[in-house]
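Participant: Build out the structure end to end from the sequences listed, making use of the hints.
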Amino acid sequence: MGKAMTGNNQAQDNAPQKAVSVDEALSATEFIGALEAAAILFDQSGRMLASNDALTSLFGISKGLVVGAFFDHYIPCPREYQCNVPAYLKDYLHANPNQWQQPVIASKKSGERFALQFSVSSLHGNVLVMFQNIEAHVKECQIVADKLTEFQNTSKAKSHFLHHMSQELRLSINLLMNVVGETIDSDGLPPLLEDDLNRAFNAGRDLQKSIGEMMDYTQMESDKFEFREITFNFRMVLDDIVDRYLPIAHKHNLELATLVSPYVPETVVGDPDRFHQILQSLLNNAFKHTTEGGVTVRASCDVESDTTATIQIEVMDTGSGIPEARCQDIGRAFSTPGGHLSDRFGGMGVGLAICKDLVDRMNGKITLRSTDGVGATFKLTLVMPKGETYASEHCNLANKKMLLVNDSVGDRSHLQRYAKEWHIKTDVTGSVDHAIGMLHTASREDASFDFVMIDLHKAHGDGLELAKKINNSTELGHLKVVLLAADRDGLNATLASDNGVDVFIIKPMRKHLVYDALTVALGRQSDVHHQIVTNNTVKSVKDHQTYRALLVEDNEVNQIIAKGALKRLGISTDVTNNGEEAIDAIQDKHYDVVLMDCEMPIMDGFEATRLIRSWEKTQDRHVPIIALTANESTECQKSCLEAGMDDFMQKPFRADELETILSRFPKELFH
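This note's numbering puts the sequence shown at residues 66 to 736.
Because the hints were derived from the structure by calculation, they are not lab data. The structure presented is a predicted model; accordingly, all values stated were derived computationally and were not measured. Fair warning: there could be bad hints in the mix.
Using 27 Å as the maximum straight-line C-alpha spacing, the simulated DSSO-like pairs for lysine-lysine come out as follows [unchecked claim]:
{"no.": "1", "residue 1": "632", "residue 2": "654"}
{"no.": "2", "residue 1": "703", "residue 2": "682"}
{"no.": "3", "residue 1": "466", "residue 2": "533"}
{"no.": "4", "residue 1": "490", "residue 2": "466"}
{"no.": "5", "residue 1": "523", "residue 2": "316"}
{"no.": "6", "residue 1": "485", "residue 2": "466"}
{"no.": "7", "residue 1": "451", "residue 2": "465"}
{"no.": "8", "residue 1": "523", "residue 2": "221"}
{"no.": "9", "residue 1": "523", "residue 2": "466"}
{"no.": "10", "residue 1": "485", "residue 2": "465"}
{"no.": "11", "residue 1": "485", "residue 2": "523"}
{"no.": "12", "residue 1": "316", "residue 2": "353"}
{"no.": "13", "residue 1": "353", "residue 2": "465"}
{"no.": "14", "residue 1": "523", "residue 2": "533"}
{"no.": "15", "residue 1": "430", "residue 2": "703"}
{"no.": "16", "residue 1": "485", "residue 2": "451"}
{"no.": "17", "residue 1": "223", "residue 2": "654"}
{"no.": "18", "residue 1": "421", "residue 2": "274"}
{"no.": "19", "residue 1": "490", "residue 2": "534"}
Facilitator: Right, here's the structure in full:
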């Protein structure tokens, strides 16, 4: 055998090969025989030189059949080598020394196929191949894979079931709430019965919210949540979120304030939808447990580099609070039902658990600071890449002069910072009486003001009376009067119009709103935000009698209820049953608002809205489209806005809720 081994080596390739001595061959044979693993020694031509008992057992062959066999009798030579076993072995040894090859399928003498791994190494100039039977391991892996597939199918079926169950629950709850809402809106109810019905309606809303949270948590458990990385206007997204809580604040006579540091970047890179979801969860909790005082959202930027900004958002309420010692349990709220946090944040704390998980996935941090009976403050910290900045048109207001009538140090500080950025000269006073004197003095000294900005709720004296005096004064009549106030049911907007206010800003006060209001007052801008009301549009905020609405809804019960709410507001209504009919109606008639159901047969509300917006571009018009949906999830809201809808309402809705939504869209702004 030694001579055969030497001869085979010398016959290899044109390159000189090292001869293998008899002693080396015997030593290799003894070595292979002692191995527990199945092994064969080949020369570099691929011919077998020696093997062990484990190999014959593995392949089910006798030793006599092994002698003289070639490598590719056991392991197929890859096709690209065209049966050139020496070249394959040479390359394999060079690329994979002493490494186990990926599993391959081999055949026993009986024809039975099985999985194995092999490794190739050099031994005295020859090739040692060791085999490892991994059939049992492969079968175990297959069992695990089958179990995983079964689990995934079960999980998918569970998610499908939960989705349909939640839809059925929503439908049943909506029907009950519709009946309750209709009864509440009827005349002549005894006060005690009306209170009970309102509690029932609010309980239904809470149940709807819990169903939405359950679906969100299920998505999160299955890792179906996706995070986007896009550039968005941080301040406007923040403002938009807070806007949606204004009706709640007004209804319960609570203050809602937004304080954004001028150092917070305008644009950042991240996922605005997930940010919206986090802040919405915190605001839900704040309003749920605040009966007096109010809620404040404060944003600041403490650390900033050329590329990133560390943004801190605080949601502060004057509600019931929790004991300070329990604040560290914020991360365990969902796992401690019945505890203080669960009591404070409702149910089992699902909303807070989702919020905490989202923040963790965004590599952020959320903390809670609270004192029992005093209130709570959630602090959210996010490190966000800064977005691209754009040049502004603040030169429109350069060198103008403004008097601020406001006794709030915080508000005045923010307004003065904005004014400085826009190159506006400002004077301040907290007194209405002092303000009228300052205005007359400035006028006589030929240093007249261009604007007077009055905060109706934060000025000593009657701000509306000051506006009226300015409007009736020959000396001061040229001044533009801007009024800031919370608008409850359109009352303040109407009073402002009657007293000569040029522009009325519906609070909370925001930087872009103040800028837009001042440019509108100068007549340099007409396309304004719905929170800015001018003399020309203020009456339409409250006067819905001339509205014509299109209701797009396929459910007959929902049609009846929605038409009833619209009728109580004096709004004339046409009804269509799907998106295709809605498009035809809009192209045929002129509507002031469209109430669009999202899920309908033939064509849903999303597709219909996209087609309407495309058609409107050729007509130079824009009709407000309000989405009607039973699903208040962030994903649904995102889909509504992406389709081109202006706002959304959760079904079922009441007449007062619809009126609040419509007040955001004065008719004249869209015609």
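Participant: All hints are to be evaluated individually against the structure, with a verdict given for each.
Facilitator: Verification of the supplied hints:
Taking the CA atoms of residue 632 and residue 654, the gap is about 19 Å. The hint holds against a cut of 27 Å. Simply put, residue 703 and residue 682 have alpha-carbon atoms about 22 Å apart, close enough for the 27 Å limit, and the pair holds. For the given pair, residue 466 sits about 20 Å from residue 533 by alpha-carbon distance, which is consistent with the 27 Å threshold. A threshold of 27 Å between alpha carbons decides the hint, and for residue 490 with residue 466 the separation of about 5 Å falls inside it, so the pair holds.
This hinted pair checks out: residue 523 and residue 316 have alpha carbons roughly 20 Å apart, not beyond 27 Å. A hinted pair counts as satisfied when its Cα atoms are at most 27 Å apart, and residue 485 with residue 466 qualifies at roughly 11 Å. Distance check on the hinted pair: residue 451 and residue 465 sit about 31 Å apart at the alpha-carbon level, beyond 27 Å; violated. A C-alpha spacing of about 56 Å is found between residue 523 and residue 221, which places the hinted pair above 27 Å, so the restraint is violated.
Proximity of residue 523 to residue 466 is assessed by CA-CA distance (about 21 Å); at most 27 Å being required, the pair is judged to hold. Among the hinted pairs, residue 485 with residue 465 is consistent with the structure: their alpha-carbon atoms are about 11 Å apart, no more than 27 Å. Straight-line distance between C-alpha atoms of residue 485 and residue 523 comes to about 21 Å, which keeps the hinted pair within the 27 Å bound. With a C-alpha separation of about 13 Å, the suggested pair residue 316 and residue 353 falls inside the 27 Å cut-off, and the hint holds.
For a cut-off of 27 Å, the pair hint linking residue 353 to residue 465 is broken: about 43 Å separates their Cα positions. About 18 Å separates the Cα atoms of residue 523 and residue 533, which keeps this hinted pair within 27 Å; it holds. With a C-alpha separation of about 24 Å, the suggested pair residue 430 and residue 703 falls inside the 27 Å cut-off, and the hint holds. Proximity of residue 485 to residue 451 is assessed by CA-CA distance (about 23 Å); at most 27 Å being required, the pair is judged to hold.
A distance of roughly 46 Å separates the Cα atoms of residue 223 and residue 654; the hinted pair therefore is violated under the 27 Å criterion. Distance check on the hinted pair: residue 421 and residue 274 sit about 17 Å apart at the alpha-carbon level, within 27 Å; holds. Distance restraint check for residue 490 and residue 534: the Cα-Cα separation of roughly 23 Å lies within the 27 Å cut-off, and the hinted pair is therefore satisfied.
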